[in-house]
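Asker: Can you build the whole structure from these sequences, using the hints too?
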Amino acid sequence: MKKLLSSVLALMMILSLVACGQKSANTDVAVDAQSTKETFELALVTDLGTIDDKSFNQGAWEGLTKYANEHGISHKYYQPQEAGTNAYFETIELAIEGGAKVVVCPGFLFEEPVYLAQEKYPDIHFILLDGEPHTADYSTYKTGANTMPILYQEDEAGFLAGYAAVKDGNTKLGFLGGMSVPAVIRFGFGYIQGADAAAKELGVNCDVVYNYTGAFAATPEAQSLAASWYNSGTQVVFGCGGAVGNSAMSAAEGKNQQEGKFVAKVIGVDVDQYSESETVITSAIKQLATSVYDGITMYYNGNFPGGKTSTFSVKNDGVGAAMDNARFETFTKAEYDVVYSDLKNGKYTIFNDVTDYNPATALKDLTNTKVTFIE
Amino acid sequence: MELLYFLIQQTLLFMIPLLIVALGGMFSERSGVVNIALEGIMVMGAFTSIFFINLTQGTMSGNIQLILAILIASVTGIVFSLFHAIAAVNLKADQTISATALNMFAPAFAVFIARIINGIVYNKNVQQIEFINTFRMTEVPILSKIPVLGDMLFRNAYITTYVGILILILSSIVLYKTKFGLRLRACGENPHAANTAGIKVERIQYAGVMISGALAGIGGLVFVVPTSTNFNATVSGYGFLAVAVLIFGQWKPKYILLASFFFGFMKALSNSYASIPFLFALNIQSNIYKMIPYIATVLVLIFTSKKSAAPRASGIPFDRMQR
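Taken in order, these protein sequences are the chains called A and B. Mind the numbering: the first sequence is residues 1 to 375 in the numbering used here, read in order. Mind the numbering: the second sequence is residues 1 to 323 in the numbering used here, read in order.
Worth flagging that the hints you see were computed from the coordinates, not collected in a lab. Mixed in with the good hints there might be a few duds.
Cross-link-like lysine-lysine pairs, in silico, DSS-like; alpha carbons within 30 angstroms at most [unchecked claim]: (1) LYS252/B <-> LYS290/B; (2) LYS145/B <-> LYS261/A; (3) LYS66/A <-> LYS124/B.
Answerer: The following block contains the structure:
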């Protein structure tokens, strides 16, 4: 009996493996690079999340596949087996062995792996999103001629979202961040300053509660935190950190149902998150796909901007607040276009130094806004 | 008062899944099988039942859908826990290892299958399973009119809260008032004696593990529904937290109730203390509140380890030949 059982189990495992193998051969994911002679010119190495994280990986992959499909170029993504510089570096090497000419690395966690890889593989080109290559101890920053680091001005995206929220008639805001990494901090600082700028123009006072949850996950903790804010009168929460936003949406839906009207709202992040919940009024977005697409286009046109950092901001339409599916009550596209061009023309200056992550102490020039920072 | 009601309602969101899963763990451990696969079983239970909700969205009323989902979660939990039962009871394998294997297997499996099904149904290759939360009851008719208690338990509540309380009551009755409960406890304390008395130890242990699977599966669903708008193949370590609740609760239903309330209340407090004026004025970091349940668990273990109520045979594979 025991023998029969174990052999049946073993058979099941083998069969399921076979089934997986056949399945993946048909998809983009493709089979292991070593077991085939096929090569993939464009490669993406994923960050901690998966390829469909609705954030960095997915955005970068969309840009890459868009170019690849338009021009019929072979492409593939590689997912590191674990986190850490070594694992990332090995995965980059795997991509290069697989024939990659351009490797896209989404996320600041790739700063060190790219620093190592750009020296070892001078013929391969790297596109690094959200970071600049440096050594482990941050003592040496060096961007090789084969590397294109891309930074985003998250503070400008946050500014636009915060400005729009206050102009739309909200005065009690919340910021629910993920980990206090530079990108999240810049989003948050911009958000507060945008709210302040709008409050100044309207002559009202506004309150911002501010917290870093310490993770990029949807947890009961994050939900409970957002629910407690909505319960004490907060109208809009900027869910800034991957799935943290989903917890904010869940809390907002609960509050709205309880009140029977649309009183609790959410601002999404990175990509337009309007489809994830009815409560999302807008999203502070980075044009991830566009920047990757542009980078690859320049590589194939022979003018790869290696050796220097490219910044995507409102100046080159690299960041913004999503207006296409926005659910504002009064704030219009025309008003958005005005503030957008004002920001472009330098009417507003945004403080975005992230050495102090606490906005209550870092932002000194706020006039109409009171920030409550929750440790 | 408003604030207290809010705090209690938030506590319930943390407490009910912990309570249900810890009770599940109790059945397994009291039958003599350690089950730290609770986390993995929660993931599987949540996975199938959330998929059910996703696919049947809009075809039936919220509460009927939720009750069907609970049934599906429990069946999934039972089936998945059978792997642990086979390894632990039939093959006499190390129970920690087989449980760990299940914990690692569950999220990977959920991601893999979710992508395939999402690909077929919605033509997009994503791992998140989205759902619309139609299960929150603004108030329960009649019962919400009860002073104090009505505001605490019967407003902004989920039907799962009452399912949790029902499970608690049933568990106490089954464990202490039935023949099966007596046999279950006997197998956890001294399986050889139980065997000599004519009890089929293996069968009882199978039953214990399967009950824990059913409850952990339900716990997974109950955990996910109020916290997010999609299921992303994780229950954020609440399965392991339930093991802590089980130990803190000394393997007894009434103490497990208290332990889960304590854990849930501290969790709720650590997140909403900022909107409670006098607590915010104290200026204690939320991390302190977050630490308290764990420090308490360690203290309880220190003080009770001499006469710990852990089932004696828990974790030791039952072998007829051994005397």
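Asker: The structure should be examined with respect to each hint, and the outcome stated for every one.
Answerer: Status of the hints after comparison with the structure:
This hinted pair checks out: LYS252/B and LYS290/B have alpha carbons roughly 24 angstroms apart, not beyond 30 angstroms. Restraint check for LYS145/B and LYS261/A: satisfied, since their Cα atoms lie roughly 23 angstroms apart, inside the 30 angstroms limit. Between LYS66/A and LYS124/B the alpha-carbon distance is near 16 angstroms, which keeps this suggested pair within the 30 angstroms criterion.
In this structure, none of the earlier numbered hints is contradicted; all agree with it.
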